[in-house]
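Student: Using the hints, position chain B with the ligand against chain A.
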Amino acid sequence: MIKGKAHKFGANIDTDAIIPARYANLTVPEELGNHCMEGIAPDFSQKVLTGDIIIADTNFGCGSSREVAPISIKGAGVAGVIAKTFARIFFRNAINIALPLLQCPEAVDNTEQDDELEIDLTSGKIKNLTKNIVFSAAPYPDFIREIIDAGGLLNYAKKSR
Amino acid sequence: MTITEKILASHSGKKKVTAGEFVNVNIDLVMSHDLSAGIAIQQFKKAGFQKVFDPQKVVMVMDHYVPNKDVMCATQNVELREFAREHKIVFYPEGKGGICHVILPEKGFILPGEVVIGADSHTCTYGALGAFSTGMGSTDTAVAMATGKIWMKVPPTIKFVYNGTLPEWIGGKDLILMTIGKIGVDGALYSAMEFTGEIVAQISIADRMTMANMAIEAGAKAGIFHVDQKTLEYIKPLSNRPYEVFESDKDADYTQVVEFDVSNLEPQVALPSLPENVRPVSTFRNVKIDQAVIGSCTNGRLEDLRIAAKLIKGQKVHPDVRCIVIPGSQQVYLEAMQEGLIEAFIRAGAVVSTPTCGPCVGGYMGILAAGEKCISTTNRNFVGRMGSPHSEIYLSGPAVAAASALTGTITAPKEVTQS
Ligand code: SF4
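These protein sequences, in sequence, are chains A and B. Numbered by our numbering, the letters in the first sequence go through residues 20 to 180 in order. Numbered by our numbering, the letters in the second sequence go through residues 876 to 1294 in order.
For reference, chain A alone in the conformation it holds in the complex (with noise of 0.2 Å):
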């Protein structure tokens, strides 16, 4: 179970808004997760409060294959994204590092920011607390779902060799 804060975000957040390559050398998640969203919201890793939750609206981490995009909001503390749809790299690097992502529309066009939020993973529902609204996540392909149960790609890999 999540619970925590929503930070809105707008269309096409790429990875360079992320997090800059100038800080792609970087390798301690927390190190990264002070500069997170640097780009377009350079206060964000000062509000955002462990749990909270990053909305936004399509295209969600297009541009780069920086894994360090994810790893960087992981390391912010953020505990999970929902957007309307997300670009193709980064789904598969926030899978692989155990960042929940959930696609959602409903849940993005009826949250604001710092509206309270609750996500259940196993049902993938999202509960806005504060409109009492509750909104269903599409659920993920049963493949992905055994590479999130094993834990991650990692994980899977060692299992499956």
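In case anyone wonders, no lab produced these hints; they're calculated from the structure. Treat the hints loosely; a few may be bogus.
To be verified - With beta-carbon atoms standing in for the labels, derived distance ranges:
#: 1; chain 1: B; residue 1: Gly1246; chain 2: A; residue 2: Asp161; range: 48 to 56 Å
#: 2; chain 1: A; residue 1: Asn53; chain 2: B; residue 2: Asp1128; range: 43 to 51 Å
#: 3; chain 1: A; residue 1: Pro160; chain 2: B; residue 2: Gly1224; range: 49 to 57 Å
#: 4; chain 1: B; residue 1: Val1133; chain 2: A; residue 2: Pro160; range: 25 to 33 Å
#: 5; chain 1: B; residue 1: Thr1040; chain 2: A; residue 2: Gly170; range: 51 to 59 Å
#: 6; chain 1: B; residue 1: Glu1218; chain 2: A; residue 2: Glu50; range: 43 to 51 Å
Glycine included, every Cβ here is placed at the ideal spot set by N, Cα and C.
Tutor: Frame of chain A; chain B with the ligand shown alone:
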């Protein structure tokens, strides 16, 4: 089946695959570079992998921040070199290679029908040679390096048909910018873009690489071209490895077919800060630039430098403009030198750099200050990509970038040709 479906079927031991199906694909090559290999190596070790699946099929290229731009890079690159030595993988340090997506095709690592994975989003470039190639993150790459396999969802294909006659000064960059302008930065999300039509047959392999390179800028998983005489001539001197040529069936399934007549196409420019904000160059009035960048995995090939040199030779770069020319590889650099292109750039007052990604990803070699504008032949004009979040990047092909470097404002190439 489409060419993409056929390649993925052949690499997953299946007769037939359909879009949306999950497959475990055998890969022919896995690439990483100095910005992505660090985490890949970390994950490789964390998983307890002992060795790579085939050292000849694992390539590491130093290109983003080399020659080492600071102590942090220098330190990380030591680790990369150690890994490369220990596992005897194919390694291209600075001075031997260049930008990954320029050198892999150039050195014969890519052949038609192959499947290539790279820890870089522009790995889709290799579709120009009829291969299926796509970008992944570092963890996927670590698993691919160790197992030689990767899971994939077979993408649906959108077919793009370019017809008409090719106007002067129009190249692959204009075609792909126009396409992204039409379909948007998520217009091909998760899909393969298949580029076809009579125009495609006329353009060079370099132009095809430029187009496939930017498929990711429409959200695509891959961009792919059919193999023709030009492809075969390109690869012939580079490799004796066997390969298989795949063709899309006549009744292949496309989610969409998009046709363009490009006979009246003008050179295209993407405004800040998304590659879909595309306008014809003639609509720009007096947009002053501070910097012009000619290079990158999109437009850093010999053909691109020739176009730029044709305009710049015998002229002077505008006094208010820093013009930075970056050959995409050592080989491109050498050939450009032999052809006199480098001399033309230097005499015109341009900076000519060693092959590197440099300013394309805001690393070094041409960072922008707040308020500055740059015209660039690179592929992304996102906020802060080349430096300050308050700087602006305009994307174009080499002809517009070179013409603009001469006049100091965004300019059509025909405006500066003396005849
Ligand atoms: S030139 Fe730019 S887009 Fe190409 S690989 Fe380097 S940083 Fe990436």
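Student: For the range 43 to 51 Å, tell me whether the beta carbons of Asn53(A) and Asp1128(B) fit it or not.
Tutor: holds (47 Å)
Student: Starting from the range 51 to 59 Å, see whether the pair Thr1040(B) and Gly170(A) falls in it by beta-carbon distance.
Tutor: holds (57 Å)
Student: Regarding Pro160(A) and Gly1224(B), is the given constraint of 49 to 57 Å on their beta-carbon distance met?
Tutor: holds (56 Å)
Student: Given the hint of 43 to 51 Å, is the C-beta distance from Glu1218(B) to Glu50(A) inside that range or not?
Tutor: holds (45 Å)
Student: Using the beta carbons of Val1133(B) and Pro160(A), state whether their distance is inside 25 to 33 Å or not.
Tutor: holds (27 Å)
Student: Given a hint of 48 to 56 Å, does the C-beta separation of Gly1246(B) and Asp161(A) actually sit inside it?
Tutor: holds (51 Å)
Going through the hint list in order, the structure satisfies each hint without exception.
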